[in-house]
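Q: Listed here are the chains, written in short residue letters.
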Amino acid sequence: MKKTILAVIELVALPFGIFIIFSLLTDGFGAHSIPIILSQSMIPVVTGFGLAIMMNAELMDFSMGARAVFAATIGGVMAQNYGMLGLIAGCFIGSMAAAVAMAVIYRLFHIPAMVISIGVLLIYEVLAAKMAGSSGYVKIPAELYKIGSYPMNIIIVVLAAVLFYILFYKMRIGSHITAVGNDEKMCKNLGINADRVKFIAITLTGIFCFFSAILTICYSGSITASTDMQTMSLVFKPIMCVILARHLRKLLDCMPLLIFIGGICITMIFNGFIAMGFGDALQDIILGLFLIVVLGSSAASSELKKMKMKRNAKKGITA
Amino acid sequence: MRRKLMAGLLVLTMMVGGLTGCGASGKTSAGSDAATGSTAVSSAAVDQSVQGSSAAKETTAKKTANKKPYKIAVGLPDSGSTMFSLMSNNVKTFVESTGGKVVFQGGVGASADATIQFVEDQIAAGANGIIISPPADSVLPTVSSMCEEAGVYWGITFRTIKDQAIKSQIESSKYYVGNCFEDEANTGYQVMTNLNKLVVKKIAIISQAKGNTTTDLREEGINKACEQYGMKVVTEARSLTQASDATSATESFLSAYPDLDCVFIVGTTGTGMHEAVAKAIKDAGRQDKVKMATIDFPDSMVELFKSGMLDTCSGLPSWGYDPFMITTVLANKCMGTPISETPVTLTCSMFDISDTATAEAWTKKFGEATTLYYDKDTMLKTFCKSNNKDLNADFMEKSIKEFTENAIK
Chain X
0 MKKTILAVIE LVALPFGIFI IFSLLTDGFG AHSIPIILSQ SMIPVVTGFG
50 LAIMMNAELM DFSMGARAVF AATIGGVMAQ NYGMLGLIAG CFIGSMAAAV
100 AMAVIYRLFH IPAMVISIGV LLIYEVLAAK MAGSSGYVKI PAELYKIGSY
150 PMNIIIVVLA AVLFYILFYK MRIGSHITAV GNDEKMCKNL GINADRVKFI
200 AITLTGIFCF FSAILTICYS GSITASTDMQ TMSLVFKPIM CVILARHLRK
250 LLDCMPLLIF IGGICITMIF NGFIAMGFGD ALQDIILGLF LIVVLGSSAA
300 SSELKKMKMK RNAKKGITA
Chain P
0 MRRKLMAGLL VLTMMVGGLT GCGASGKTSA GSDAATGSTA VSSAAVDQSV
50 QGSSAAKETT AKKTANKKPY KIAVGLPDSG STMFSLMSNN VKTFVESTGG
100 KVVFQGGVGA SADATIQFVE DQIAAGANGI IISPPADSVL PTVSSMCEEA
150 GVYWGITFRT IKDQAIKSQI ESSKYYVGNC FEDEANTGYQ VMTNLNKLVV
200 KKIAIISQAK GNTTTDLREE GINKACEQYG MKVVTEARSL TQASDATSAT
250 ESFLSAYPDL DCVFIVGTTG TGMHEAVAKA IKDAGRQDKV KMATIDFPDS
300 MVELFKSGML DTCSGLPSWG YDPFMITTVL ANKCMGTPIS ETPVTLTCSM
350 FDISDTATAE AWTKKFGEAT TLYYDKDTML KTFCKSNNKD LNADFMEKSI
400 KEFTENAIK
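Chains as they are written, first to last, in numbering that gives the first Met the number 0: chain X, 0 to 318; chain P, 0 to 408.
Treat the hints with caution; some may be incorrect.
[Said to hold, decoys possible] Okay, the calculated beta carbon distance ranges per label pair:
| id | chain 1 | residue 1 | chain 2 | residue 2 | range |
| --- | --- | --- | --- | --- | --- |
| 1 | P | SER78 | X | LEU84 | 26 to 36 Å |
| 2 | X | ALA88 | P | LYS223 | 49 to 59 Å |
| 3 | X | ARG171 | P | LYS231 | 50 to 60 Å |
| 4 | P | GLU219 | X | LEU121 | 29 to 39 Å |
| 5 | X | VAL99 | P | GLN163 | 49 to 59 Å |
| 6 | X | LEU121 | P | GLN163 | 34 to 44 Å |
| 7 | X | GLY82 | P | SER353 | 30 to 40 Å |
| 8 | P | GLN163 | X | ALA88 | 56 to 66 Å |
| 9 | X | ASP194 | P | ASP162 | 32 to 42 Å |
| 10 | P | ALA124 | X | ALA12 | 55 to 65 Å |
| 11 | X | TYR164 | P | ASP162 | 49 to 59 Å |
By construction, these hints were calculated from the structure, which means they are not laboratory data.
On a predicted model such as this, the values are computed, not experimentally measured, just so you know.
Ideal placement from N, C-alpha and C gives every residue a C-beta, glycine not left out.
Generate the whole structure from the sequences, applying the supplied hints.
A: In structure tokens, the structure reads:
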């Protein structure tokens, strides 16, 4: 219990520390920034849930952004005729269809998931652009986008987090995904059908892609059907969130909370940079350095631990 | 056994692929034949459209139809937004009316690699002329040497050449026909002057990544205005591709700078960005204090002016007019009737829209993808050297000026 409390304190210390640093450095950052940070974190966090499933199964996916845009475009188009129901149904059908199609391709052809994800990304981008028509984007009316705007977006992400927690920690499939990700051969020897597990893992990302699609189209009231692999950039922030979450996992094993903390930290850094008036290039450099320092310190500490364990083991043998 | 069969099948596929590859030149000539065929159709179409109207028109079309067939590749998308479709319709109308063929490809200007790849591909596909919008000057010497080697004419749209050494190098090539570009720096300066009149002092910009020739020049103009009028660019966001990113960036600007006066969209490739910025300003309840400005007219300009969210914008009368003009220069060269022996440099000036009525007039004319800058007959009579002996760089500049002045009349 004491350990858990300490871990939670350590976890909270990271975003809290970043918040204090930026608050001291600039007047433009402070308590008034919190609602913006919370609101802006929601899309990367919910996309991160989907990516965490993929990454846990040792699969890499760059198509989550494209799939969300594709689903949101279907939702946006359906919303023109069927209102709220059309928006939700369109986003759900689009995201699930996209995920199932990707899973089927993976199961049938056994091509690395990263390669498939780039292939489907290109396809979904073009399909979304065709659906969006000559304007290149789909707009939804104000009364519809309110369902995914602040503070409703936080409620949606909490629901998604609960679902993710149940899938990841309380269901057999969650354990199977982790096991397959850790050692596929061993799982096969134990009778776990690794291909089936990976198929389900990819399909499950469709659920979080649905939430991501809803939040993305509601955030600005429109969705841009970008082509030329531009949607790939939509997964960079979520990937950072998941990497940070996986690093923090040694403190507390609760991925939804960790991804949320990762999302808050990354968004806070971006907002802090803007408040400090940093240029775009400098923002990228400092963010890169931040990730290297945080992840590098993790690697160094685990190396130190290993060395310590080896030394202790040697001592034990000698004794 | 199955593996052996599979291996055999793969070897067979590779051999067939190899044979097809070896037959490339044959295929190119076949492509040429096909192009000739399409030319015949196009010429017939031109003849048909012109027939019966007047004898002069008939002569014009026949004169043009006698020209050798050619193929032009344009490194811009032909669909995805109204401005792309409008541009491609006009370029297609001119090229096909003069017995040529045109292909479009998007994403070419995104990187140096994409530009070189496009030029390579189009040379291999048998293009006689290529138009690019290069991401940076550094790519131009490579493009020039590739085109020179292949004997393919080429021109630049939307971009000027900042590096003087590169400029003189490529201008010495007989395959380079010239460039058409917008006065970007002056446009940036002009929008800032308009904003200064609206008592704007602190500005946040949304722009492309550093190194993009267009937005870099626009920002040069912005910086010049900042020095002159005591204005300041306090923050920036770059390379936004999704509307939600624009909303998010604007929220951050507004949160970090309570005294922010304006969000200026200097350049973006994403659609729906302007509405996304407007939504963020409105949601923050700052629409009375924070102004919005942009370069290039968004599709939703009228709506934004009506709602009072957009204060000033500047752009070409039509985005596609610039590639259209350089296409006419390149097409004449490909047809063997160059408008000039030396490369031409054409400058398109932009103009401001700051009220709903002008925005409506503009949208009525250029908000439709089917609008032609000139009717087909005028295109043939005016922009074909074989029909218009006066056609030269000065004539082109004069035409651009007239078009800009009469754009929304």
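Q: It remains to establish, for every hint, whether it holds in the given structure.
A: Hints, one by one, checked against the model:
1. P:SER78 x X:LEU84: 26 to 36 Å: holds (30 Å)
2. X:ALA88 x P:LYS223: 49 to 59 Å: Holds - the Cβ-Cβ distance for ALA88 (chain X) and LYS223 (chain P), about 52 Å, lies within 49 to 59 Å.
3. X:ARG171 x P:LYS231: 50 to 60 Å: At roughly 59 Å between Cβ atoms, LYS231 (chain P) and ARG171 (chain X) fall inside 50 to 60 Å, so the hint holds.
4. P:GLU219 x X:LEU121: 29 to 39 Å: This hint holds: roughly 35 Å between Cβ atoms.
5. X:VAL99 x P:GLN163: 49 to 59 Å: This hint holds: roughly 57 Å between Cβ atoms.
6. X:LEU121 x P:GLN163: 34 to 44 Å: holds (39 Å)
7. X:GLY82 x P:SER353: 30 to 40 Å: Holds, at about 36 Å.
8. P:GLN163 x X:ALA88: 56 to 66 Å: holds (59 Å)
9. X:ASP194 x P:ASP162: 32 to 42 Å: The hint (32 to 42 Å, Cβ to Cβ) is violated, given that ASP194 (chain X) and ASP162 (chain P) are roughly 54 Å apart.
10. P:ALA124 x X:ALA12: 55 to 65 Å: Holds: the Cβ-Cβ distance is about 59 Å, inside 55 to 65 Å.
11. X:TYR164 x P:ASP162: 49 to 59 Å: Once the Cβ atoms are compared, 56 Å apart, the range 49 to 59 Å for ASP162 (chain P) and TYR164 (chain X) holds.
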